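A.B. asks: If you're matching them up, the sequences are chains R and L in order.
Per the working numbering, the first sequence starts with residue 52, numbered consecutively.
Per the working numbering, the second sequence starts with residue 955, numbered consecutively.
If you are wondering where the hints come from, they were derived from the structure by calculation, not from laboratory data.
Quantities reported herein were computed from a predicted structural model and do not represent experimental measurements.
It is possible that part of the hints are untrue.
On the chain R side, residues computed to face chain L include the following (Cβ under 8 Å) [unchecked claim]:
1. D242
2. I247
3. S441
4. F493
5. A494
6. V496
7. A504
8. W684
9. A685
10. V770
11. N780
Glycine included, every Cβ here is placed at the ideal spot set by N, Cα and C.
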Amino acid sequence: MITTRAQPTLASIQAAAKAAGTMIPPAWPLASTVAVNPFLGQAGLGLPETAALLERVAGVRVCMPRSWFEAKIDRGAITDADLAAALAAAPAKDRLESVTALKAMAKAAHRVPLALPTVAHLAARHSGLDWPGIITDRIGVWAGAEFDAGQALWAAARPPGTGPATGVVTSSSAYPSGSAYPSWRRFATHDLTPEIAGLQGFAARVQALPERAEEALEIVVRRLGLSDAALPTCFHAMLMSMGGWAQAARWRLWQAEMSGGTDDTLFDLLAIRLVYEDALLARYAALRPLWDDACQAHAVPVSPAEDHVVDAILQEAAERAEQRGLAALLAAPTTMAAPRNRSSLQAAFCIDVRSEVFRRALESVDAGIETIGFAGFFGLPLSHRRFGSSVSEAHLPVLLSPGIGTCVAVTPELEAKEAQVQVLARAKRAWKRFRIAAVSSFAFVEAAGPVYAGKLLQDSLRIARPSPAPDPAPRLDPAIGHEQRVATALAVLRAMSMTSDFARIVLLSGHGAHVVNNPHASALHCGACGGQTGEVSARVLAGLLNDPAVREGLADAGLALPPDTFFVAGLHDTTTDTVTLFDQDVASPAHTNDMAQLRDWLAQAARLARTERALRLPRAKDESDIAVRSRDWAEIRAEWGLAGCKAFIAAPRRRTAGRDLAGRAFLHSYEWAEDKDFGILELILTAPVVVASWISLQYYGSTVAPDVFGAGNKLLHNVVGGMGVLEGNGGPLRVGLPWQSVHDGEKLIHDPVRLTVAIEAPCAAMTDILARHPGVRTLFDQHWMHLLALDDNGQIAWRYAGHLTWEPAVPA
Amino acid sequence: MLHAFIATAPALLLLAAAVHAHTGPMMRPARRMVGVGWAALAATAMAVAGIVLLVIHGPATTPLLGWAGLGFSWRLDALSVTMQMLVGFIGWVVLRYSAIYLDGEPRQGPFMGWICATLAAVLVLVSAGNLALLMVAWVATSLCLHKLLLFYPERAPAQRAARKKFLFARVADMALLMACVLLWVGYGTGDIGSILAIARQGGGAGPFLNIAAAALIAVAALLKSAQFPTHGWLTEVMETPTPVSALLHAGVINAGGFLLIRFADLLLLTPGVLALLAIVGGFTALFAGLVMLTQPAIKTSLAWSTIGQMGFMILQCGLALFPLALLHIVAHSLYKAHAFLASGGAVEQVASIPRAGPVAVPNGMAVAKAFGLGIVIYLLIGLGMGFAFGFPPKSPQSIAMGAILIFGVAYLIAQGLADSAPAKLTLYTAASATMTAVGYFTLQGLAEVLLSTTLPATPPPGALEWTLMTLAVVSFGLAAMAQAMFPLWAYHPAAAGLRVHLTNGFYANALLDRLTGGWRAAKSS
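All chains, please: the whole structure from these sequences, using the hints.
C.D. replies: Written as C-alpha cells, this is what we have:
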C-alpha cells in the first residue's frame, strides 16, 4: 500500500510545513503580551470550514454548545427574525429549509468532535500507556528551557552575547534561526526518560537521524508513509498537539519577519514532533494499518458537516440579535445637552472598551466636557527606554514596527540619579541570584527567611507597597527634525479628527492596569501599546503639542491651535479608574486652576465609573472596594479587562454620547466629512479595527474552546521561563485568556459573539478601501467581523454583505 | 501540668473551623470564611499564649488519656510552641489568601475545610506528647493533604503525583509505626517526654533497639522530607491551587524535620544514624540545589528548592545541630510560603532582569578574592559577636556550618567583584553580604540560647563527625566555587549531558512512574 503512494519531495514537505506554520497564531511572551486572533491562520475560511478543520486537527469545537443558543432562543434574546436573517445570509448550499428546522437543531445535541488520531493516540490505545501525555511532557521539559527568558540560572544554551542568560529578549533576532532542532537533539540524545517509559532506543534513534531538521523531517515523513495530500492537515495537527509552544515558536517567526528575517523554530518543532511519531510507529509496528487509515483520512479535503453549518448559522443569529440591540440603542432618544461653543475640556482616551465607561462618567460630570476616542498609542510608533533601564521596549501595535525612539529626558542632576538607579537594580539582581543559586540559597534562608514574616503580613493585610515615583518626562531619542515633529503632530491631530474647536485643556490619556501577582498583568495594559501602558505615548504627544515651535509649524500648515490651549498627558488606571496627570512635564502656571478643576472632575468621574463597574465584579460591594482589590495578591479578578467587548463604532462622539454601551464597545472618534481622501478611514479599517478583531476573537476563542485557545485555570498557573504559563506541573504552554477572565464562577462574563463594526462613512468609500486590502476584506467576507454603515443621522442603515456589496441593514 | 492543655487549643480551633467550612455552602461561602479566618488567627494567638505559659511554668505534658502508657497527651515545650506558632501563622495567611483566590470555585467550602483539617492535624502532630497521638496525627496529616492534592480529582497529572506521594507516605507510616512500637516496648512508656529524658541519661533500652528505632525514625523523616532518591513526588504536586503548595512547602513538609528534632535525644545515642542523615541530607541539598538551577518553571523550581532546603536542615540534624535545624525550618517556611503565594510575579521579575544591563561574570581571581573576603567577614563577625553578646562557645559542627554558609555569601561578594562591575555595586554587594552574615549569626545565636534547655547540646565530635564535617565543608565549598564561576563552565559541551540528567532530577520520577504505572491510559480494542 505504501509503495503505491507518491512520496513527497523535500520541496513539497517544506512548502507544506511552511503552510502549516501559517495555520498557527503567534503568542507573545507574557511580559508584554497582546491579544491575538486564534483563528488568524483560518481568516480565509468561514466558520463552518474552520470548525471542520479544527475538529480534524485538534478535536475542538469552535462554537458554544447548542444549549447556549437554545437558552437565548427560549428567552427571546434571539428572535425568529434573527434566525431567518442568519439563515438567509448563509451560502445557498448551507441553508436549512426553515427557521423551525433551525430551532429544532438548536435543541439537538452536537456530535462529539473527534480529531484524526496521531500515532501517539493509536499507541496509547494499543499499549495502555499515555503516549500523547509522555510526548507533551518531554517536549515541554525541553521547550521550557528553550523559551526561557531568564528564570533558570542554568539556561539550556549560552545565550548569544557574552554573559549568561540575561533575560527577556524583545526581538527574536537574538535567537539564531534554526537553533531549536540542534538544541532539542542535544536534549533528546541524553534524556533517558523515553527509554524508561518504554520507548527503547529512542536516544540512539535520534542520534542516528541527520543533524539538520529538514533532512530529519524528510526521513520521518517518508517512514511514516505520508502522502503529499495528507501533509497539510497532518502537519497542522502535529503543531496543534504542542499547544502554546508552537504559538511561541510562531511568535519568533513573526518577529523575525517584521524585521525582514526568518526563523525556523516552528519548522524545527514540527520535525521534533514527527520524530516521536516515527519512533512510536517503529515501536508498535502493529499500528501501521490504523495509521495508514489516518493518513488517508488526512488526504481527504476538509469539508464541513451539517453540525458545523448549523453552528455557524446559530452563531450568526446570535450576532444579529446583538446588532439589533445596538441599532435600538443608537436610535433611542438621549438626554445629552447640546454642546457649547467651546468645550471646557477635551479628553482623549484609548478606544479600549474600558474607556467607554469612564468617558460616559466624565461627560456626565460637566456639560462642557467632550471626550474623544483614539488608539491609545496616539499614533506614535515608539520604542522606549525607561529610566535606569538598559533596554528599549516597543510601545505600539504589534502590526507595526517602531519608528521613533524615546527615552527619559536626563538633565545633569538626573544623570547621577539614573546611574544610582542602575547600580541599585544590579545589586537587587545580584541579591536575587544569591537567593536562588545552589549553595547561597541556604545562607539566604537562614539570614533573611524571618524577614518574610513581615512580607506575609504586609501582603495578607493588603498594605500597599509604596509605588515608585513616575519616570521623568520622556524625550525623543534620537531627536527628530523640526519638519518631522510638525508632520507627526499634524498627522496625529488629523487622525484624531481634531482640527478645530480646541478646548483650553486637552487631556491625552493612555491607560494601564494596576494589579499585583498576576502573570497576565500585561494583557490588561494597552493593546495598542504592545502590552505596555499608554503613559509614554501620551506624554510624548503632549510634549510635542505643547512645544511652541511645533505649534508654529502647525499654524503654517493651516492648523492653528489657540495660544491658551494646554495639552496634559494622563494615565487612566483601568483597575481603579484613577487618572494620574503628568502636568509637570511642561510647566504652565497659567493653567494651575484648570488643573485643579480637571482633577476634581476626574475624581468625580472615577467614583461614578467604579460604582458602575463594582456591579459586575464579584464580591465588590461598592466603589470603595475596588482600590483594595487592585492590591490584593490573592485577587484574580481585579478587573474584567475587555470581557464583554462586542462592538466597534467609528463615528462622531455625539452619536454615542449619553448612551450606555456598558463598557462593551470600542469607540473611535471619526468625522468622515473632514476626511477628504478617506485616508483616515483607511487607517481605521486597517489598524484599530483589525486589532479590535484580534481582541474580540481572542475572547471568543478562549470562551468557546478554553482547552485549546484559553490559558486554563488561574489557580494552577505555573509561570514558565517568565514568558508563559503552564497549568499545573507541565503539559503544553497555555496561551489565550485564563478561564477566570471570562467566567465569574457562575456564569460567562464574556458573551462569545464576533465583533460588529459600525462606521459612519459612505459605503462606497469603505468598499473602495476593502477592495485595496484583501486581508481586511476577507475578515468581513468570512464573518470574522461584521461591518455596518451608519447614515448621516448616526443610525445603522447598511450592512456589508460580502463580495464588496451592501444591503439594507434591516431587510425591507 | 494542666497548663500544658493550652497546646490543644490551636488544633481544636482549626478542627472546629474545618467542620464549620465543611457544613457551609460549597460555593462562595463568604460568611463561613470569616469565621475560619478568625479561628486561624485565634489558633496563632493560643500558640503565643502557650509561649507565655511556657515561660512562666516551664515545659510540661498533659495527663494521659489512654491506656498502658499509650494514648493522647499534649506536650508544651519550646519546640511545640515554636512549631504551633509557625503553623498557625502560615495557616492564617493561607486561609486568608484562599478565601479570595478560590472565589467562584464550585468547591471552595470543602477546600477551606480540608485546609483547616490539615492544619489541625499538623498542630496536633507538633504538640503530641505521646507516641500514639503522634502516630495518629502523622497519618491524619498525610490523609488530609491527600484530599487537597486531589482537589481536581479528574486531572491525570494530579492522580499521578498523588499516587507516588501516597506510596511514600504509607511506607513512612509503616516506619514510624514500627519505631513507635519499638520505643513503647523498649522504654515501657509511650510518653515522649519520658522517653527523651531516659535517652538523655544514656538510654533505657538496649543499643540494638535504640538503633533500630532511630533508623526507622530517620527513614520516616527522609521520606516525608522528599530526600534523595525519594524526592520525586514533591516536584509534581502543583496540580492543585497555589495555597496548597504554600501549605505543603511551609507546613506539612516540616513533619520530617520536626520528627528528627523531637527525637533528638534518641538520635544522639546512635551516631551511625546521624551520619546517615548527614550524608543523605547533604547530598540531597547539593543535588537539589543544582537541579533548581535548571528549572524554568517557577513553582517547580521552588519545589526543588524545598527539597534542597530540607536536605540542608537534615544535614544540620545529622551534625547534631538541632536548634539550627529548627531555625532553618522556621525561616524556610516563612520564605517559601511567600514565594509560592507570590509566584504570579515571576513574569515581572524575569522582565526586570535585562533592564539592569548585562550580568557581570566574575572570573577565577574575583571568585578567589570573594572567598577570601568571605572568610575574613566570618572571622570578624563570628568572633566579634561571640565576644559582644557572650553567646556560648561554638561547637566545631556549628563552625563548619557557618563556613558552608559563608561560602554561599561569597557568591554575593563575587558578583560585585566581577571586572565589569562598577565600584558602587561592589560596595552594595559587600554591604549586603556583611548584613547577611550578621543576620544569620544573630539568628543562630538566638536559636541556640532559646532552645538550649529543650534540645540537647551538640556533643564533641569524634572521628566520624570530623570526617563528615570535612566532607560537607569541602563538597559545599567546591559547589559554591562552581556556582560562582558558573557561566564559565556550564555551557561547555561536556556539561550538556549533566544538565539534561539534572533537569530530569536523575529520573526518580520516570522510574517511579514506570513502577506505579503513572502513565497508564485507558486501553481500548
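A.B. asks: What are the numbers of the hints that this structure violates, sorted from low to high?
C.D. replies: none
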